[in-house]
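Undergrad: Turn these sequences into a full structure, and let the hints guide you.
Those sequence lines, one after another, are chains R and P.
Under the UniProt record's numbering, think of the first position of the first sequence as 1, with each following residue one higher.
Under the UniProt record's numbering, think of the first position of the second sequence as 1, with each following residue one higher.
Honestly, the hints are just simulated from the structure, not real lab data.
The beta-carbon is built from N, C-alpha and C at its ideal position, and this holds for glycine as well.
There may be inaccurate statements among the hints.
Stated by the list, open to error - Capping the alpha-carbon separation at 30 Å, the derived lysine-lysine pairs in DSS-like fashion look like this:
no. : chain 1 : residue 1 : chain 2 : residue 2
1   : P       : K200      : P       : K318
2   : P       : K248      : P       : K200
3   : P       : K316      : P       : K174
4   : R       : K223      : R       : K341
5   : P       : K122      : R       : K266
6   : R       : K344      : P       : K316
7   : R       : K217      : P       : K122
8   : P       : K248      : R       : K223
9   : R       : K209      : R       : K132
10  : R       : K223      : P       : K318
11  : R       : K341      : P       : K200
12  : R       : K217      : P       : K308
13  : P       : K122      : P       : K65
14  : R       : K132      : P       : K308
15  : R       : K132      : R       : K223
16  : P       : K174      : P       : K308
17  : P       : K318      : R       : K217
Claimed, not checked - Pairwise CB distance ranges, derived in the manner of DEER restraints:
no. : chain 1 : residue 1 : chain 2 : residue 2 : range
18  : R       : F45       : P       : I284      : 47 to 55 Å
19  : R       : Y49       : P       : L77       : 43 to 51 Å
20  : P       : W69       : R       : A338      : 28 to 36 Å
21  : R       : I183      : P       : L73       : 54 to 62 Å
22  : R       : G230      : P       : K308      : 24 to 32 Å
23  : R       : R181      : P       : W69       : 52 to 60 Å
24  : P       : A199      : R       : K132      : 32 to 40 Å
25  : R       : I183      : P       : A199      : 50 to 58 Å
26  : R       : N224      : P       : K122      : 21 to 29 Å
27  : R       : D32       : P       : K122      : 15 to 23 Å
28  : P       : Y173      : R       : I34       : 54 to 62 Å
29  : R       : E100      : P       : S282      : 44 to 52 Å
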Amino acid sequence: MSNRVVNILVPLISVVLGLLVGGIIMVVSGYDAIDGYIALWNGIFGDAYSIGNTIRQITPYILSGLAVAFAFRTGLFNIGVEGQLLMGWLAAAYVGYAIEGLPRIIHLPLALLAAAAAGAFWAFIVGFLKAKLHVHEVIASIMLNYTALYLTNAAIKSLSDGSFKTPTVLESATLRNQWLREITDNSSLHLGIFVAILMVVVMWFILEKTTRGYELKSVGFNKNAAEYAGMNVNRNIILAMTISGVFAGLGGAMEALGTYQNASIKAAASGIGFDGIAVALLGANNPIGVFFGASLFGSLKYGALNMPNAAGIPEEIVSIIIAVIILFVASGYILRVALEKFGKKKEGK
Amino acid sequence: MSFLEVLYFIVPSALLYATPLILTGIGALFSERAGVIGLGVEGLMIVGAFTGIYINLEYYADFGKNVIWLALLAALLAGAVFSLIIAVAAVTFRADQTVTGVAVNMLAAAITVFLVKLIYGKGQTDMVSAPLQRFEIPYLSDIPFLGPLLFQNVYSTTIIALIVAVGAWFVLYKMPFGLRIRSVGEHPMAADTMGINVAKMRYIGVMISGALAGVGGASLAMTSSGDFSGSTVAGQGFIAIAAMIFGKWHPLGTLGAALFFGLAQTLSIGGGNIPFVQDIPSVILQVLPYVLTILALAGFIGKAVAPKASGVPYIKGKR
Chain R
1 MSNRVVNILV PLISVVLGLL VGGIIMVVSG YDAIDGYIAL WNGIFGDAYS
51 IGNTIRQITP YILSGLAVAF AFRTGLFNIG VEGQLLMGWL AAAYVGYAIE
101 GLPRIIHLPL ALLAAAAAGA FWAFIVGFLK AKLHVHEVIA SIMLNYTALY
151 LTNAAIKSLS DGSFKTPTVL ESATLRNQWL REITDNSSLH LGIFVAILMV
201 VVMWFILEKT TRGYELKSVG FNKNAAEYAG MNVNRNIILA MTISGVFAGL
251 GGAMEALGTY QNASIKAAAS GIGFDGIAVA LLGANNPIGV FFGASLFGSL
301 KYGALNMPNA AGIPEEIVSI IIAVIILFVA SGYILRVALE KFGKKKEGK
Chain P
1 MSFLEVLYFI VPSALLYATP LILTGIGALF SERAGVIGLG VEGLMIVGAF
51 TGIYINLEYY ADFGKNVIWL ALLAALLAGA VFSLIIAVAA VTFRADQTVT
101 GVAVNMLAAA ITVFLVKLIY GKGQTDMVSA PLQRFEIPYL SDIPFLGPLL
151 FQNVYSTTII ALIVAVGAWF VLYKMPFGLR IRSVGEHPMA ADTMGINVAK
201 MRYIGVMISG ALAGVGGASL AMTSSGDFSG STVAGQGFIA IAAMIFGKWH
251 PLGTLGAALF FGLAQTLSIG GGNIPFVQDI PSVILQVLPY VLTILALAGF
301 IGKAVAPKAS GVPYIKGKR
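TA: Here's what the structure looks like:
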């Protein structure tokens, strides 16, 4: 079997295994697995409203997935997407409600830009610490996740005079679109999906069509070789983290300007950043792969909400399935060995 | 409040918050010292917290107040068994350890809430009838000043945690077993050459982390919250990892860092009543553990260096 086929087969097999494990857990727990999966399917594709909300759920997943994937390509593990996303969320909400009197054509891009800048700044810190002071990016970004959570909570509290959420963003900064809502039966689908798809293209373009992207990938493949070839490894590390943070910050903007129209105090992380790791892993850190990975996980997450009502099954079953899928993809080595043996047997016949 | 009153309030409370951090931090330390990244301890704590509360609720009728010991033991076993997922993926299947840790955290959070809904039909359990109780240590509590400060309001788990921390130091630095654990985390190939079974030592390290994090989670749930829900652990595992790093991957350093982070949590939660502290915005105390960890890693507070082979799968015969 060629490498390429194996690379596509591993995630596919993992998804199938994950769904199987989920089915087994449902049966063992005394639930009807068929009913469960039918409820899941209907929760995703049941009607126009569900489809609209599913696409809305996929939107931030695409961006958090891109953020993780982009850093991965440069050999960095950005586990801090969560924190960068929260910073972007707050920045977008603030610019969205505080700046008045701008036309939408300026205000909306400005709010998106603010989110991108906030996310980029938060990720830049990680890149800087890694490049200049050799602080491992995983630990630094986990610590910054919690720092961001508490900082944004405190900021929201003081911005809203003690309330738990900021004022609603202005009409001129919203991503909501009447037509999109109408064709999906008043779902909360918004224009963000186009921003996300545009970013898929942007990531592809940076990595495949620019010199800088070539350098970033080279650093990811082999730091020493890249340095020997005259590339500035440290600068590329910082740049990669910063660009990754742009994607993450925009993910936050999707929530601030699209789904929720504000920023609110959170008891814990939103989970979108951590799910981004799953998305990137499933999508093999490839922009198109991320798009499909986000579509799968976003659909599962939204469809799961239908399971308690329609089949009496707790929606957490889907988080279990996603975690199992990640474990299988991460353990790709063993799947590869199995596939190779299987392939050899066939050839032997 | 007078200064003494403040101290008598802060110190026992800081010890309470520090207890799960010490247990879990030492757990993560064993895993990392053996060369497997300890990111999964958050999930292992969640498993321990759920198990502890479940056993406490279900067997209170049979055992009365003593059910807490059964609950702690069950949490220890549950944590150790659940950590096998990390061990199998990271050691045997050579999976990316950071990803494995993240996945295990997600899995633990989802499975426990799923089970709570399955068993109790709602998102969180009832309050336990037998939470961990504070008690007085006889004689020692009569010592002036130190008595009320340290010995009048003690949790048994705090004492266990202190013993575990000192015991971990003894095991890791004074016993052959500890040397083997450390060697497979620093230079697995050299250890392998000397006849040490790298995979076995790593399995043991991970399972110790599971057992300790399980107890840590149960102790957290049976003191602070008294019930179990999706937000019982809420990042304490990550603070424990921070304590381990801030403590420079050393048991006694981890103990000190965990105590300090316990103090920071006490001040951020209960600081409103304390003079001076009430003037500090609570957000500063909340982010303190995380910012200090970054500074420690950046070398501003002495250099913290991870075990050399932590996170690298060991493949025989590969240089």
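Undergrad: Are the hints correct? Go through all of them and say.
TA: Each hint tested on the structure:
1. At roughly 18 Å between alpha-carbon atoms, K200/P and K318/P fall within 30 Å of each other, so this suggested pair holds.
2. Under the criterion of a C-alpha separation no larger than 30 Å, the hint pairing K248/P with K200/P is consistent with the structure, at around 25 Å.
3. Straight-line distance between C-alpha atoms of K316/P and K174/P comes to about 28 Å, which keeps the hinted pair within the 30 Å bound.
4. Only pairs whose Cα atoms come within 30 Å are accepted, and K223/R paired with K341/R is rejected, the gap being roughly 33 Å.
5. Proximity of K122/P to K266/R is assessed by CA-CA distance (about 22 Å); at most 30 Å being required, the pair is judged to hold.
6. Distance restraint check for K344/R and K316/P: the Cα-Cα separation of roughly 24 Å lies within the 30 Å cut-off, and the hinted pair is therefore satisfied.
7. Taking the CA atoms of K217/R and K122/P, the gap is about 48 Å. The hint is violated against a cut of 30 Å.
8. For the hint linking K248/P to K223/R, the alpha-carbon distance of about 27 Å falls within 30 Å, and the restraint holds.
9. With a CA separation close to 28 Å, the supplied pair K209/R and K132/R stays within the 30 Å bound.
10. Distance hint between K223/R and K318/P is fulfilled; the C-alpha atoms sit about 20 Å from each other, no more than 30 Å.
11. A distance of roughly 26 Å separates the Cα atoms of K341/R and K200/P; the hinted pair therefore holds under the 30 Å criterion.
12. Our distance criterion of 30 Å between C-alpha atoms is met by K217/R and K308/P, whose separation comes to about 25 Å.
13. A C-alpha spacing of about 25 Å is found between K122/P and K65/P, which places the hinted pair at or below 30 Å, so the restraint holds.
14. Between K132/R and K308/P the alpha-carbon distance is near 20 Å, which keeps this suggested pair within the 30 Å criterion.
15. Only pairs whose Cα atoms come within 30 Å are accepted, and K132/R paired with K223/R is accepted, the gap being roughly 15 Å.
16. With a CA separation close to 20 Å, the supplied pair K174/P and K308/P stays within the 30 Å bound.
17. Annotation: proposed proximity of K318/P to K217/R holds, straight-line Cα distance about 25 Å (limit 30 Å).
18. Checked against the hint of 47 to 55 Å, the pair F45/R and I284/P passes, with Cβ atoms roughly 48 Å apart.
19. Restraint check, Y49/R to L77/P: a C-beta distance of roughly 46 Å satisfies the suggested window 43 to 51 Å.
20. Taking the beta carbon of each, W69/P and A338/R are about 44 Å apart, not inside 28 to 36 Å as hinted.
21. For the pair I183/R and L73/P, the beta carbons lie near 58 Å from each other, so the given range of 54 to 62 Å is met.
22. Range check, G230/R to K308/P: about 29 Å between beta-carbon atoms, so the 24 to 32 Å window is met.
23. As the Cβ distance of R181/R to W69/P is approximately 57 Å, the hint placing it in 52 to 60 Å holds.
24. A hinted range of 32 to 40 Å holds for the C-beta pair A199/P and K132/R, which are about 37 Å apart.
25. Under the hint 50 to 58 Å, the C-beta atoms of I183/R and A199/P, about 56 Å apart, fit the expected range.
26. Look at N224/R against K122/P: about 56 Å separates their beta carbons, and that is not inside 21 to 29 Å.
27. Between D32/R and K122/P the Cβ separation comes to about 21 Å, which falls inside the hinted range of 15 to 23 Å.
28. For the pair Y173/P and I34/R, the beta carbons lie near 56 Å from each other, so the given range of 54 to 62 Å is met.
29. Evaluation of the 44 to 52 Å hint for E100/R and S282/P yields a failure: the beta carbon distance comes to about 32 Å.
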